[in-house]
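Chemist: Here are the chains, one letter per residue:
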Amino acid sequence: MSLPRVGLAALLVLCGAVLELAVLAPLGLPGATPDVVLLVVVALALRWGPLDGAVVGFAAGLVVDLTPPSDGGAGRWAAVFLLVGFAVGRVFEDADDTPVVALFAVTLASAASVLGYAALASLVGDDGVEWARVPSLVTSSVIYDVVLTAVVVPVVGGLARRIDPEPDFRR
Amino acid sequence: MGRDTRRTRIVLVLLLLTALTLVMLDDRTSGDGPLAPVRSVLADVLGPVQSGVSAAVRPVTGLVDDLRELGSKDAQIERLEAENQQLRQDAATRANDLRRLAEYDELSRQPTLRRFANVAARVTALSRAQGFTTTASIDVGSVDGVRDDTTVINGDGLVGRVKGAARSTSTVLLATDPDFVARVRVGTTGTTGFVEGQGEGKPLALTIYEPVTLEPGTALVTVGSVGEAPLVADVLVGRVADVRRVPGTLTTRATVTPAVDFAALDTVAVVLPGEREARGPVPAATPSASAPARRRAAGTPSPSASARASR
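Chains A and B are the protein sequences, given in the same order.
All residue numbers for the first sequence refer to our numbering, where the first residue is 1 and numbers rise by one.
All residue numbers for the second sequence refer to our numbering, where the first residue is 1001 and numbers rise by one.
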């Protein structure tokens, strides 16, 4: 991962985390909170491939785990976003760079991240996980994230294209 | 995985192991895992940023709140439709200001705040709904005197307790969080039980290990803790909604409607530790009090004290 990539990823992830927790969460939308950080991870993984996607996912998840008002349970979103970043980079490695591909990737990633987090949290014995709420969380999360894709993914993709026009993740 | 390079596989496995190690080390219930310093540094850096962003977008989010409320009030919709766009925006932001003013006003009348030193705060960020926690960031921290395990209230009642105080921001565990537990007293009878959070948007759960009769609407107040941490006494937690008693058991369970509207949480106050008004003795009911009290008043040492002195 080159230095410009690290800088861009850090900037986008931190902005996404602040936007998500200070602006979107207090809106009190029904169901899940729109996940800007996840969209950044997906957009960068689509652009940079599985290895960098996984690294960005891990770092982004750790930021979400530790940014206030988090209160423990670090590593969970890191594990979930790590796998999401890797899987998106891997599955869509040979896909074209089209909006349809991005929408498809976001839909899968959004649903998988909510399910994955709930599974991991209940696996480590967190009593707070309510499986009854999971279907509505998955649905609302997918809807919000798909809507936000139209804004976030082109912006992130454009910035990524600016720092290295020819991604060379097929090594 | 056949097409992945050796490097990709190694990085993937290493990072996954790191994440899972963190999951094991940083147990949510214990609070101060090895990552507490990292979290605190991040809170110092990102907390002020969140406060700034939150303050900057507050007119907009306030507008959204106000517009959402309009949907339920036909009369208000009709009145507002008659006004032009500019006027509606003015009214919306002004309503937000008035609401804040009313919240401060209510806070100043909150009886708990008359008993304890406190600091007013505003909510700057909330936790993600898909994380199954309900925590909030507020814009006061250790420089304002906030410590871990202090009570957070608003004009209506108990909001939660401070779980992590950074320099200029703090994390509050809201009463609706599944990790939140508070000992409460039933207002009418004095029986104690405990109230637990059940997640966002859900009522609280009351458990009393005694067969008691509860009327819906009965107020529940906090019992309070030794040293006023984490909770001070006599804060309104909520009112009993549905009482469930399984026949043949001694336990009384009920759902509790929280006193605080957690969906519209904005202005709160943190009770500061260590400062409170001195408590006097119970005043004697009649002039002729008990014998030891009379002796003390007359300056005569008690028998045991004089025996010790002569030895």
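Since the hints were derived computationally from the structure, they do not count as laboratory data.
Incorrect hints may appear among the rest.
As the list claims (entries may be wrong) - Here are the in silico distance ranges between beta carbons for each label pair: (1) A:E130 <-> B:V1282: 39 to 49 Å; (2) A:A111 <-> B:E1215: 28 to 38 Å; (3) A:C15 <-> B:T1207: 40 to 50 Å; (4) A:V151 <-> B:D1105: 54 to 64 Å; (5) B:G1248 <-> A:V146: 29 to 39 Å; (6) B:T1207 <-> A:R161: 29 to 39 Å; (7) B:T1005 <-> A:C15: 46 to 56 Å; (8) A:L103 <-> B:T1213: 55 to 65 Å.
What the hints assert, rightly or not - Covered stretches of chain B, as calculated for chain A (at least 3 residues, CB under 8 Å): (9) 1100-1112; (10) 1115-1126; (11) 1183-1191; (12) 1246-1254.
Beta carbons: idealized from backbone N, C-alpha and C, even for Gly.
Chemist: Compare the structure with each hint and give your call.
Modeler: So, going through the hints one by one against the coordinates:
no.	hint	verdict
1	A:E130 <-> B:V1282: 39 to 49 Å	47 Å, holds
2	A:A111 <-> B:E1215: 28 to 38 Å	45 Å, violated
3	A:C15 <-> B:T1207: 40 to 50 Å	43 Å, holds
4	A:V151 <-> B:D1105: 54 to 64 Å	39 Å, violated
5	B:G1248 <-> A:V146: 29 to 39 Å	51 Å, violated
6	B:T1207 <-> A:R161: 29 to 39 Å	57 Å, violated
7	B:T1005 <-> A:C15: 46 to 56 Å	31 Å, violated
8	A:L103 <-> B:T1213: 55 to 65 Å	57 Å, holds
9	1100-1112	violated (count 0)
10	1115-1126	holds (count 4)
11	1183-1191	violated (count 0)
12	1246-1254	violated (count 0)
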